[in-house]
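Chains as they are written, first to last, in this note's numbering: chain X, 1 to 442; chain V, 1 to 418; chain P, 1 to 84.
It cannot be assumed that every hint is accurate.
[Stated by the list, open to error] Cut-off 20 angstroms, straight-line C-alpha distance, at most; resulting in silico cross-link-like pairs (SDA-like, lysine to any residue): (1) Lys321(V) x Val363(V); (2) Lys178(X) x Arg293(V); (3) Lys178(X) x Thr286(V); (4) Lys321(V) x Pro296(V); (5) Lys178(X) x Gly182(V); (6) Lys17(V) x Arg64(V); (7) Lys178(X) x Glu181(V); (8) Lys178(X) x Ala290(V); (9) Lys310(V) x Ala66(P); (10) Lys310(V) x Glu61(P); (11) Lys17(V) x Thr94(V); (12) Lys310(V) x Val64(P); (13) Lys321(V) x Pro276(V); (14) Lys178(X) x Arg180(V); (15) Lys310(V) x Ser60(P); (16) Lys310(V) x Asn78(P); (17) Lys178(X) x Ser295(V); (18) Lys310(V) x His14(P); (19) Lys310(V) x Lys321(V); (20) Lys310(V) x Glu54(P); (21) Lys310(V) x Asp40(P); (22) Lys310(V) x Ser41(P); (23) Lys17(V) x Val363(V); (24) Lys17(V) x Arg293(V).
Hints in this document: simulated from the structure, not taken from any laboratory.
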Amino acid sequence: MTTAVITGIGVAAPNGAGTENFWAATLRGESGIGPVRRFDARGYPARLGGEIDDFDPAEHLPHRLLPQTDRMTQLALTASAWALADAGVEPGTYDPGETGVTMAGAFGGFEYGQRELENLWRSGPERVSVYMSFAWFYAVNTGQLSIRHAMRGPAGVVVGDQAGGLDAVAQARRNIRKGARLMLSGGFDSSFCPYGWVARISDGTLSTDEDPRTAYLPFDRRARGQVPGEGGAVLVVEEAAAARRRGTRIYGEIAGYAATFDAAARYGGERGLGRAVEAALADAGVTAREVGVVFADGSGWPADDRAEAETIAAVFGPQGVPVTVPKTMTGRMSSGGAPVDLAGALLAMRDGLIPPTVNVRTVAPGARLDLVTGVPRPWQPGPALVLARGRGGFNSAMVLRPGTAAPGRTGAAGVTGREIPTRSGGKRHAADDTVGPGGDHA
Amino acid sequence: MVITGLGVVAPGGVGTKAFWHLITAGRTATRPITAFDAAAFRSRIAAEVDFEPAQADLSHRERRRLDRAAQFALVATREAIADSGLEPDRFDPTRVGVSLGTAVGATCNLESEYLALSDTGRDWVLDHRYASPHLYDYFMPGSMAAEIAAECNAQGPATVVSAGCTSGLDAVGHAADLLREGAADVMVTGGTDAPISPITVACFDAIRATSPSNDDAAHALRPFDRTRNGFVLGEGAATLVLETEEHARARGARIYAEIAGFASRSNAYHMTGLRPDGAEMAAAITAALAESRRSPQSVDYVNAHGTATKQNDRHETAALKRALGPHAYRTPVSSIKSMIGHSLGAIGSIEIAACTLAVDQGVVPPTANLREPDPELDLDYVPLHAREQRLDTVLSVGSGFGGFQSAIVLTRLGTGPA
Amino acid sequence: MQQMTLSALEEIMHRCAGDDESTESFQQAPERAFADLGYDSLALLETQSVIRREYGVDLSEQAVSAAETPQQLVDLVNRWLSAA
Numbered sequence: 001m002t003t004a005v006i007t008g009i010g011v012a013a014p015n016g017a018g019t020e021n022f023w024a025a026t027l028r029g030e031s032g033i034g035p036v037r038r039f040d041a042r043g044y045p046a047r048l049g050g051e052i053d054d055f056d057p058a059e060h061l062p063h064r065l066l067p068q069t070d071r072m073t074q075l076a077l078t079a080s081a082w083a084l085a086d087a088g089v090e091p092g093t094y095d096p097g098e099t100g101v102t103m104a105g106a107f108g109g110f111e112y113g114q115r116e117l118e119n120l121w122r123s124g125p126e127r128v129s130v131y132m133s134f135a136w137f138y139a140v141n142t143g144q145l146s147i148r149h150a151m152r153g154p155a156g157v158v159v160g161d162q163a164g165g166l167d168a169v170a171q172a173r174r175n176i177r178k179g180a181r182l183m184l185s186g187g188f189d190s191s192f193c194p195y196g197w198v199a200r201i202s203d204g205t206l207s208t209d210e211d212p213r214t215a216y217l218p219f220d221r222r223a224r225g226q227v228p229g230e231g232g233a234v235l236v237v238e239e240a241a242a243a244r245r246r247g248t249r250i251y252g253e254i255a256g257y258a259a260t261f262d263a264a265a266r267y268g269g270e271r272g273l274g275r276a277v278e279a280a281l282a283d284a285g286v287t288a289r290e291v292g293v294v295f296a297d298g299s300g301w302p303a304d305d306r307a308e309a310e311t312i313a314a315v316f317g318p319q320g321v322p323v324t325v326p327k328t329m330t331g332r333m334s335s336g337g338a339p340v341d342l343a344g345a346l347l348a349m350r351d352g353l354i355p356p357t358v359n360v361r362t363v364a365p366g367a368r369l370d371l372v373t374g375v376p377r378p379w380q381p382g383p384a385l386v387l388a389r390g391r392g393g394f395n396s397a398m399v400l401r402p403g404t405a406a407p408g409r410t411g412a413a414g415v416t417g418r419e420i421p422t423r424s425g426g427k428r429h430a431a432d433d434t435v436g437p438g439g440d441h442a
Numbered sequence: 001m002v003i004t005g006l007g008v009v010a011p012g013g014v015g016t017k018a019f020w021h022l023i024t025a026g027r028t029a030t031r032p033i034t035a036f037d038a039a040a041f042r043s044r045i046a047a048e049v050d051f052e053p054a055q056a057d058l059s060h061r062e063r064r065r066l067d068r069a070a071q072f073a074l075v076a077t078r079e080a081i082a083d084s085g086l087e088p089d090r091f092d093p094t095r096v097g098v099s100l101g102t103a104v105g106a107t108c109n110l111e112s113e114y115l116a117l118s119d120t121g122r123d124w125v126l127d128h129r130y131a132s133p134h135l136y137d138y139f140m141p142g143s144m145a146a147e148i149a150a151e152c153n154a155q156g157p158a159t160v161v162s163a164g165c166t167s168g169l170d171a172v173g174h175a176a177d178l179l180r181e182g183a184a185d186v187m188v189t190g191g192t193d194a195p196i197s198p199i200t201v202a203c204f205d206a207i208r209a210t211s212p213s214n215d216d217a218a219h220a221l222r223p224f225d226r227t228r229n230g231f232v233l234g235e236g237a238a239t240l241v242l243e244t245e246e247h248a249r250a251r252g253a254r255i256y257a258e259i260a261g262f263a264s265r266s267n268a269y270h271m272t273g274l275r276p277d278g279a280e281m282a283a284a285i286t287a288a289l290a291e292s293r294r295s296p297q298s299v300d301y302v303n304a305h306g307t308a309t310k311q312n313d314r315h316e317t318a319a320l321k322r323a324l325g326p327h328a329y330r331t332p333v334s335s336i337k338s339m340i341g342h343s344l345g346a347i348g349s350i351e352i353a354a355c356t357l358a359v360d361q362g363v364v365p366p367t368a369n370l371r372e373p374d375p376e377l378d379l380d381y382v383p384l385h386a387r388e389q390r391l392d393t394v395l396s397v398g399s400g401f402g403g404f405q406s407a408i409v410l411t412r413l414g415t416g417p418a
Numbered sequence: 001m002q003q004m005t006l007s008a009l010e011e012i013m014h015r016c017a018g019d020d021e022s023t024e025s026f027q028q029a030p031e032r033a034f035a036d037l038g039y040d041s042l043a044l045l046e047t048q049s050v051i052r053r054e055y056g057v058d059l060s061e062q063a064v065s066a067a068e069t070p071q072q073l074v075d076l077v078n079r080w081l082s083a084a
């Protein structure tokens, strides 16, 4: 069957906008979680979030796009240009009809939506923007990315909370198998506005802890909820033979995927995460023993953590595989979280370093996990498993297999790992960072 | 991939029977908006579902917990499951999945909750103490797929597909893809939307996409007509039980029709504008026919997107000519939106339900309100009256904001590739 | 009511549709088509709505779509304002 590989990565995350900024911060263990500043959150029981501070859309996008886009679309558009530049794809590399976009979004452009709801109800229908009709709907990023990069092939949009981020990338693989040569795929969410915040509070899973170092501690005995983040990642998914022909670096292959649903609440069945893992491994033709790392969902809610830890231990054996949750440095980015984890897994393969789970010190009793805490851990890159669960019972699992360095290209290899950067804690300040790589594509 | 169960909630009457009766009679369900006071809006008409949640057998808790769109989906799903004869203990739940389309999700409840939280728009920083405990479910419409999956005890893959106005079609296409891949044996699939709320009406007012024919609601949505002036918002849901032919045969299920091919394309042109040549919709049609192993000449009927905006009807006509060649002139093309409005992410699946019944019953539903042909549009749009005709291969197309263009092919089972 | 100037229209359109330094200003190119200046039909609809609000001029959709250049739109608005 046709193989789908990943050849480009664009990340915008709270601990780094730009793939290398994100990755360097992640290896240093730098968290982007801090007090929410985008709006006045003082009156809410949860006040911490992962915000992307050092991102000015006007620096990255044509100004004509700004009045018609929500922040999460601005992030996605920018990251998509980074991903294409990273893959070395330019207009003309492929026929536009062979290229497409499948993105996940959980909330749509909700900050935009809240503003227009306010315009409607304070000032009347004629004050609602002409752009509202598409700026807030869930399909907006697929539409805007396809226009921006003139991709006239397959198009898709899925919503499955956190799990949707993997479902979208699986859809990209499906489209490659159906004949597309290149797909942009991933997920983004933001909705860092009062309405988005109140909606998350209603979910009941937000941590009310006010210390950024202890608010989100998946698998820790002190776990007490999660912290939301904004951002996500765009991946360039390419048909393997076409990618090889143009001699580009291949980060890795989308080797396996499966999704299941927990109807357990009503029918007393088992949780479906384990089935998703088993089926994704089978789809990849990879045994549990071969898997070198698991990027866990890491909900931060004790019951969910326990279920996930039991699943991992059941499949891989107690302490049977290194497990990590770099989301501890970004917060949970809804549909953006899993694509960022895919990016992290691919970069871990590139550099031979598993990124750490920060702040977690004592794994909860009974969680028989080999959690990579504190500092990155060198590894011999092998298949990686990325897990994502969405509220309501969605489970998705994806297996990535390391790619091969293209001959004559540098920066792709390095199995023994780079020098481990020094760790510095706390909220990163953005002034010394440059956003990159690349600029506008198109 | 065969269709073995149907459920429809549409304007003009809840249930598949009422729906089919309405659209084959050529009656319209568009009328002045009753859901809220629409006096301040440009377009004040809609195709509303007369939906009494209690009569629809929704429990108190379901009525409290679920947005109107989720309620529609649940009612349509219960009808479809009953129609399919799937019995809870006679299938493997891990082999059943859900793919549900919605364009705007729980927009009704998001707006009403906003009014409470903001004190009718007064406050930017909202007061969380007034929030519904179910607000996150309204915020993240994947919850609707979760609701349907829990209802059916579906433990396979579940997702919401939200590609704007092609969501309902794309969701069914996605379900067919998953069955073909072997990810499930049965997919409960369809679409739902309940967009008749002030914010959605204002959105379409702002871009002048909806009809301002407020004084003649019953004839406001006039696809392919020279006097057409936009669509009328609708609402509703349709659910299909889709399964592999092998699975359907093994349980002796009645088979309505087969989903033979599906494709989606982006026009990469404009978020609301359409390229006049219809190239991407034509590409989607061509790809869907290829997957079906059917020729353009085999198409017996096209269920059009037919929104009655100036540009859509031109675009679509161009796309059909491009994809079907001279055969386009010989093929009946109709828009059931003329009767039940444009229900955004639901309509694609409602149209597939119509196509399913068209194949099953041998009837082409008409385009209502088409009295003055547009000289620019020269296909056979089946004006006003339904036609009896054997249908072996049916094409349904959709087009939406964001540039989405989709096509799906239904065939009568046992009719081989041309 | 004071008349509308080209630069006032340009300011409104920047607000509605974003500024784009790569195109000429309305002063420099009063007769360039909106499409060539990078403004689409949505930008013009949004502009029409702001003009209604700020100048009290309720232009018809047909009239606005007939105005293809900044100068034509300014003239249209000013004819209204003079007649009022």
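Results for each hint:
For the given pair, lysine 321(V) sits about 23 angstroms from valine 363(V) by alpha-carbon distance, which is inconsistent with the 20 angstroms threshold. Pair hint lysine 178(X) plus arginine 293(V) holds up; C-alpha atoms about 14 angstroms apart against a cutoff of 20 angstroms. Straight-line distance between C-alpha atoms of lysine 178(X) and threonine 286(V) comes to about 14 angstroms, which keeps the hinted pair within the 20 angstroms bound. Annotation: proposed proximity of lysine 321(V) to proline 296(V) holds, straight-line Cα distance about 10 angstroms (limit 20 angstroms).
At most 20 angstroms may separate the alpha-carbon atoms for a hinted pair to count; lysine 178(X) and glycine 182(V) meet this at roughly 15 angstroms. This hinted pair does not check out: lysine 17(V) and arginine 64(V) have alpha carbons roughly 28 angstroms apart, beyond 20 angstroms. Pair hint lysine 178(X) plus glutamate 181(V) holds up; C-alpha atoms about 11 angstroms apart against a cutoff of 20 angstroms. Restraint check: the Cα-Cα separation between lysine 178(X) and alanine 290(V) comes to about 11 angstroms, which is no more than 20 angstroms; the hinted pair holds.
At most 20 angstroms may separate the alpha-carbon atoms for a hinted pair to count; lysine 310(V) and alanine 66(P) meet this at roughly 16 angstroms. About 14 angstroms separates the Cα atoms of lysine 310(V) and glutamate 61(P), which keeps this hinted pair within 20 angstroms; it holds. Distance hint between lysine 17(V) and threonine 94(V) is unfulfilled; the C-alpha atoms sit about 31 angstroms from each other, more than 20 angstroms. In summary, the hint linking lysine 310(V) to valine 64(P) is supported, as the alpha carbons are separated by about 17 angstroms, within the 20 angstroms threshold.
With a C-alpha separation of about 12 angstroms, the suggested pairing of lysine 321(V) with proline 276(V) holds against the 20 angstroms cut-off. Restraint check: the Cα-Cα separation between lysine 178(X) and arginine 180(V) comes to about 12 angstroms, which is no more than 20 angstroms; the hinted pair holds. A threshold of 20 angstroms between alpha carbons decides the hint, and for lysine 310(V) with serine 60(P) the separation of about 17 angstroms falls inside it, so the pair holds. Distance check on the hinted pair: lysine 310(V) and asparagine 78(P) sit about 30 angstroms apart at the alpha-carbon level, beyond 20 angstroms; violated.
Of the pairs offered as hints, the one joining lysine 178(X) and serine 295(V) holds, with about 19 angstroms between alpha carbons and a cut-off of 20 angstroms not exceeded. Distance restraint check for lysine 310(V) and histidine 14(P): the Cα-Cα separation of roughly 28 angstroms exceeds the 20 angstroms cut-off, and the hinted pair is therefore not satisfied. Between the alpha carbons of lysine 310(V) and lysine 321(V) the distance comes to roughly 17 angstroms, so the proposed pair stays at or under 20 angstroms and holds. A distance of roughly 30 angstroms separates the Cα atoms of lysine 310(V) and glutamate 54(P); the hinted pair therefore is violated under the 20 angstroms criterion.
This hinted pair checks out: lysine 310(V) and aspartate 40(P) have alpha carbons roughly 17 angstroms apart, not beyond 20 angstroms. For the hint linking lysine 310(V) to serine 41(P), the alpha-carbon distance of about 14 angstroms falls within 20 angstroms, and the restraint holds. Annotation: proposed proximity of lysine 17(V) to valine 363(V) holds, straight-line Cα distance about 14 angstroms (limit 20 angstroms). Between lysine 17(V) and arginine 293(V), the direct Cα distance comes to roughly 32 angstroms. Violation of the 20 angstroms bound is thereby established for this hinted pair.
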